[in-house]
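Residue numbers (the working numbering), protein chains in the order written: chain A, 1 to 227; chain B, 1 to 90.
Simulated from the structure, these hints should not be mistaken for laboratory data.
Just to be clear, a hint being listed does not mean it is correct.
Derived Cβ-Cβ restraints for the label pairs, each shown as a range [claimed, not checked]:
(1) B/E70 x A/Y183: 23 to 29 angstroms
(2) B/V15 x A/M77: 43 to 49 angstroms
(3) B/S63 x A/M77: 54 to 60 angstroms
(4) B/E23 x A/V139: 27 to 33 angstroms
(5) A/Y183 x B/K29: 38 to 44 angstroms
(6) B/R20 x A/L136: 30 to 36 angstroms
(7) A/N13 x B/L83: 41 to 47 angstroms
Computed footprint of chain A on chain B; a stretch qualifies when at least three of its residues, placed anywhere within it, have a C-beta under 8 angstroms from a C-beta of chain A [said to hold, decoys possible]:
(8) 10-21
(9) 75-81
Being a predicted model, the structure only gives us computed values, none of them experimental.
All C-beta atoms, glycine included, are put in the ideal place defined by N, C-alpha and C.
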Amino acid sequence: MPRAAVIRFPGTNGDLDVIHVLKNVVRINAELVWHEDFRHGIYDAVIVPGGGFSYGGDWLRAGAIAARSRAMKEIIMDAEGGVPVLGICNGFQTLVEAGLLPGGALLPNDPPRFIAKWVWVKVNDIKTPFTKLYSLDEVVSMPIAHGEGRYFIDGVDEVRVAFTYYGENPNGSVASIAGVVNYEGNVLGLMPHPERSAEAVLTPRGGFVPGGLKLWLSLRDSLVGGW
Amino acid sequence: MGNVLNKYLVHTAIVLKGVRDPEGETILKDLVSISGFGNVNKVISGKYLGFIVDAKDDAEAVSYVREVCEKARIFNPTIHRLLILGVENA
Numbered sequence: 001m002p003r004a005a006v007i008r009f010p011g012t013n014g015d016l017d018v019i020h021v022l023k024n025v026v027r028i029n030a031e032l033v034w035h036e037d038f039r040h041g042i043y044d045a046v047i048v049p050g051g052g053f054s055y056g057g058d059w060l061r062a063g064a065i066a067a068r069s070r071a072m073k074e075i076i077m078d079a080e081g082g083v084p085v086l087g088i089c090n091g092f093q094t095l096v097e098a099g100l101l102p103g104g105a106l107l108p109n110d111p112p113r114f115i116a117k118w119v120w121v122k123v124n125d126i127k128t129p130f131t132k133l134y135s136l137d138e139v140v141s142m143p144i145a146h147g148e149g150r151y152f153i154d155g156v157d158e159v160r161v162a163f164t165y166y167g168e169n170p171n172g173s174v175a176s177i178a179g180v181v182n183y184e185g186n187v188l189g190l191m192p193h194p195e196r197s198a199e200a201v202l203t204p205r206g207g208f209v210p211g212g213l214k215l216w217l218s219l220r221d222s223l224v225g226g227w
Numbered sequence: 001m002g003n004v005l006n007k008y009l010v011h012t013a014i015v016l017k018g019v020r021d022p023e024g025e026t027i028l029k030d031l032v033s034i035s036g037f038g039n040v041n042k043v044i045s046g047k048y049l050g051f052i053v054d055a056k057d058d059a060e061a062v063s064y065v066r067e068v069c070e071k072a073r074i075f076n077p078t079i080h081r082l083l084i085l086g087v088e089n090a
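Whole structure, please, built from the sequences with the hints as guidance.
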């Protein structure tokens with residue numbers, strides 16, 4: 001049975017949410033792995049969770065220190081071997097800093113404030129292990145909760161965009177980008193939280209949908225049948 | 001005497017380049033301009049870091065810190081500019 005690793009850095013706090021969804025909602029065999037204990041070549045998928053302020057509230061800049069950790073070197077080896085790797089929120093920032101995903105940086109939001117609310121995102125790429133069960137251009141809702149989510153890159157046309165904010169651009173990201181995927185398609189990062197939007201019970205009233213569920217179902221499907 | 005190392009404190013700042021700086025803009029608009037200081041054109045926000053290093057002179061201390069900041073990715077060259085603010089004996 002496929003196994004997914006959920007990496008815990010010092011200060012990570014979204015890890016147990018991801019474990020819950022993997023184990024109880026989509027029934028994937030998942031393990032919480034302390035970053036120092038993570039080794040490549042063991043797991044079939046790796047999730048760098050969010051909700052996190054790994055290493056002291058993102059000293060220096062978001063994700064900069066976790067990106068230089070030994071665990072990140074191990075994750076890079078898995079990613080280069082084709083293992084699906086997902087970075088959520090702080091995990092997305094870390095994967096960009098580590099060079100696993102294209103992007104100059106995730107800058108402090110514009111306007112400059114921490115944002116925590118449900119937003120609508122459009123699915124722009126369904127040829128990834130995390131998005132295969134969505135429809136192209138499907139619009140779903142997920143919550144965001146970040147202070148540094150303004151995606152910036154020189155040469156935005158060359159990026160494989162996975163998700164864009166639909167309607168309002170909440171943080172000033174270039175081209176309203178909410179998530180990107182690497183050239184090969186196996187590494188995805190996004191600012192919204194699919195682990196907090198995988199169940200109806202956590203979805204607020206007012207027309208929102210648990211838009212993260214298909215991401216986890218896609219992962220399960222991909223681990224069993226490829227993507 | 002030629003290879004005696006002294007301690008120097010190198011002051012650096014990391015500032016944004018070419019992308020919007022909403023923190024600086026907000027400080028300008030909501031603190032500076034609102035207080036009546038009309039001659040301030042722009043406020044640039046950034047992060048200060050000081051490095052105490054061993055070097056043989058000021059110039060070597062500065063070039064060493066510049067190398068540290070580049071190679072250890074203390075700043076992100078795509079979006080940041082590294083400023084060397086000054087150097088003093090530590």
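Against the structure, the hints:
Checked against the given bound of 23 to 29 angstroms, the beta carbons of B/E70 and A/Y183, roughly 26 angstroms apart, stay inside it. Distance hint check: the CB atoms of B/V15 and A/M77 are about 35 angstroms apart, inconsistent with the given range 43 to 49 angstroms. A hinted range of 54 to 60 angstroms for the beta carbons of B/S63 and A/M77 is inconsistent with their spacing of about 34 angstroms. Range check, B/E23 to A/V139: about 32 angstroms between beta-carbon atoms, so the 27 to 33 angstroms window is met.
A hinted range of 38 to 44 angstroms holds for the C-beta pair A/Y183 and B/K29, which are about 41 angstroms apart. The hinted range of 30 to 36 angstroms is satisfied by B/R20 and A/L136, whose Cβ atoms lie roughly 31 angstroms apart. With their beta carbons about 34 angstroms apart, A/N13 and B/L83 fall outside the hinted range of 41 to 47 angstroms. Counting residues of the segment 10-21 of chain B whose C-beta sits closer than 8 angstroms to any C-beta of chain A gives 3, which meets the bar of three, so the coverage hint holds.
For the segment 75-81 of chain B, the stated coverage by chain A holds: 3 residues have a C-beta nearer than 8 angstroms to a C-beta of that chain, and at least 3 were required.
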